[in-house]
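S.K.: Please model the complete structure; the sequences and the hints are all you need to start from.
Residues per chain are reported as follows:
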Amino acid sequence: MLRYLLNKIALLIPTLVGITICAFAFVRLLPGDPILAMAGEHGVAPARYEELKQQFGYNLPIWEQYARYVGEVATGDFGVSISSKRPVLEEFKTLFPATLELSFFAMIFAMVIGIPAGIFAAVKRGSWFDQSLMGTALVGYSMPIFWWGLLLIIFFSGYLGWTPVSGRIGLQFFFKPITGFMTIDSLLHGKWDAFRSALSHLVLPAIVLGTIPLAVIARQTRSAMLEVLGEDYVRTARAKGLSGARVIGVHALRNALIPVVTTIGLQVGTLLAGAILTETIFAWPGIGKWMVDSIFKRDYVVVQSGLLLIALIVMAVNLIVDVLYAVINPRIRAA
Amino acid sequence: MTQTEIAPMAAGSPDRLTGLKTFWHYFSVNRGAVIGLFVFILLVLAALFAPLLAPYAPDIQDKTAFLRPPAWQEGGSTQYLLGTDPVGRDILSRLLYGARFSLLIGAVVVTLALTGGITLGLLAGYFRGWVDVAIMRVMDLILAFPSLLLALVLVTILGPGLFNAMLAIALVLQPHFARLVRAAVMAEKSREYVVAAKVAGAGHLRLMLATILPNCLAPLIVQGTLSFSNAILEAAALGFLGLGAQPPTPEWGTMLASAREFILRAWWVVTFPGLAILITVLAINLIGDGLRDALDPKLRRS
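Which chain is which? The protein sequence lines are A and B, in order.
When we follow our numbering, the leftmost residue of the first sequence carries the number 710, and every step to the right adds one.
When we follow our numbering, the leftmost residue of the second sequence carries the number 781, and every step to the right adds one.
It is worth saying that the hints were derived from the structure and are not from the lab.
For glycine and all other residues, C-beta sits at the position ideal for the given N, C-alpha and C.
Hints are all accurate, no fakes.
Computed cross-link-like contacts, SDA-like style, restricted to lysine to any residue with a CA-CA straight-line distance of at most 20 angstroms:
1) LYS717(A) x VAL918(B)
2) LYS717(A) x ILE922(B)
3) LYS717(A) x MET916(B)
4) LYS1006(A) x GLY1022(B)
5) LYS833(A) x THR845(A)
6) LYS801(B) x ASP1069(B)
7) LYS717(A) x GLY974(A)
8) LYS717(A) x LEU921(B)
9) LYS717(A) x ALA914(B)
10) LYS1006(A) x SER793(A)
11) LYS717(A) x ASP920(B)
12) LYS969(B) x TRP910(B)
13) LYS717(A) x ASP912(B)
14) LYS717(A) x LEU923(B)
15) LYS1006(A) x GLN1026(B)
16) LYS717(A) x ALA1035(A)
17) LYS1006(A) x GLY941(B)
18) LYS1006(A) x LEU938(B)
Reference listing, derived: stretches of chain B covered by chain A, where coverage requires no fewer than 3 residues with Cβ under 8 angstroms from a Cβ of chain A:
19) 934-947
20) 1011-1025
To give an idea of the interface, some chain B residues facing chain A are shown, with a C-beta separation under 10 angstroms as derived from the structure:
21) GLY812
22) LEU928
23) GLY1033
24) VAL1061
M.R.: Below you can see the structure in the form of structure tokens.
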């Protein structure tokens, strides 16, 4: 197992180097002078320009600049945001929990509906339920989620007036963050109305972000389940006289969930891409909106480091999924 | 149905017509796929004949009719069937012209991604060794970023606009093709027919393009279809974020972006462009499912 893990990590090294090269190259590929680009539309005085050139090391040869950049990143120095003047890493730390909370609830939504629906569709293959579920899943999979979010706002916020249009929690609530999850923190502080406010802000964005993963998970669960239900051991279990529920719930489900776990892990990239759109629509203060805002503010230090940090997260999650997969499926380890 | 059509052996037969017939036989079993194809053909016709079908030019503004609701709603008229947008342009006309952009985006992106992916995948799978390692590491790297984020950053470098958005999306989708071609080439390379061609004196280029490639086409066609719909979605998302096609282009995502502030006042300016995106993407995905059933013998229902 350890060998498997080390092997996986070794394979990631080229990607890791590549990611830093991409982030490094980003600022240098921007049209025009990198310092002027970083200074944004305010411009920069000639004396300050020289000073910055020294400070960022643009007078050095390119490979030395890269080595310097890697050194900075490795020691946790991700630069300072041009627009807010705060360290990028600090901003990231305050915003990331919002994205994490949103993605977490989106995934819960997708799994709680997607897995049972997929199982049921497989068991009742060809039924009315199966056909309409697969039809709905294809619609969900084809959904432009930015439009879906706007539709939900029109209906639930505009027409019914049930949920707020944007933000994370009502402005009247304030408490010290503990976990960074508004829903959990409000409960930890024992503020019920704050919890209700946080939840009502969370529902629509979580549904929007969870829609595509829901469709993917439902389809994947169904096909994995169908495959397993045709296996010999399932037939054996049935022949032994075990109840239908036990055969499906224990013998089939356990094996069917293996590919589903992988699918769920692979949705992380999709979730982060979806978070860019979802957070923009609902003015959710997470890293997706942060990246889009920074692009428009021409805060390229944030874009550069955000790109790097997000890629690192996706990579780490993929590694965890690989390892989990090897834990639940020993056959993989041998390979 | 005649006897010859039923024979599944026809799938591998060199007779082209029978091959097509078998293909259509399997494709048409999937009712969804046929509906998807029908809708897609309608979309192509709408795009081609937009100037004839659209009641107005897409950028003509009627200063007396801002935010006019659709015909069936109170205050609407048959003059503007799907209503007008905040500056008095006919939504139906803009949607019809918008079909041109979406189909163009899909076609251009898939062509670019396919060309790049086939070239790189062929090189990697055929030559193996360091060529393979170098190419596939770069593909892994592209896949390490969430696709929309990478497209956003590329557009930031290239500058906003429809063409740059298409380039960015093509680059992001391209690794899927490269991986597919590489895997297929590696599987085919040691087959007897390839060895035979080699012995007969075929050069590298001929082996790659004329001998091996035609036998890797089925998964490529399916992936191409899925990428077509993906490209439309991502381009619309970029347009929606303000980094794709720029107003007043009647691109559907861009239309949504400029309608955003009116969502609580005028539902139609938001609903119709999004519906157009959904229907197009859904139709193409339905076709993709049908193609997979028809082209992939492993998944073919017996």
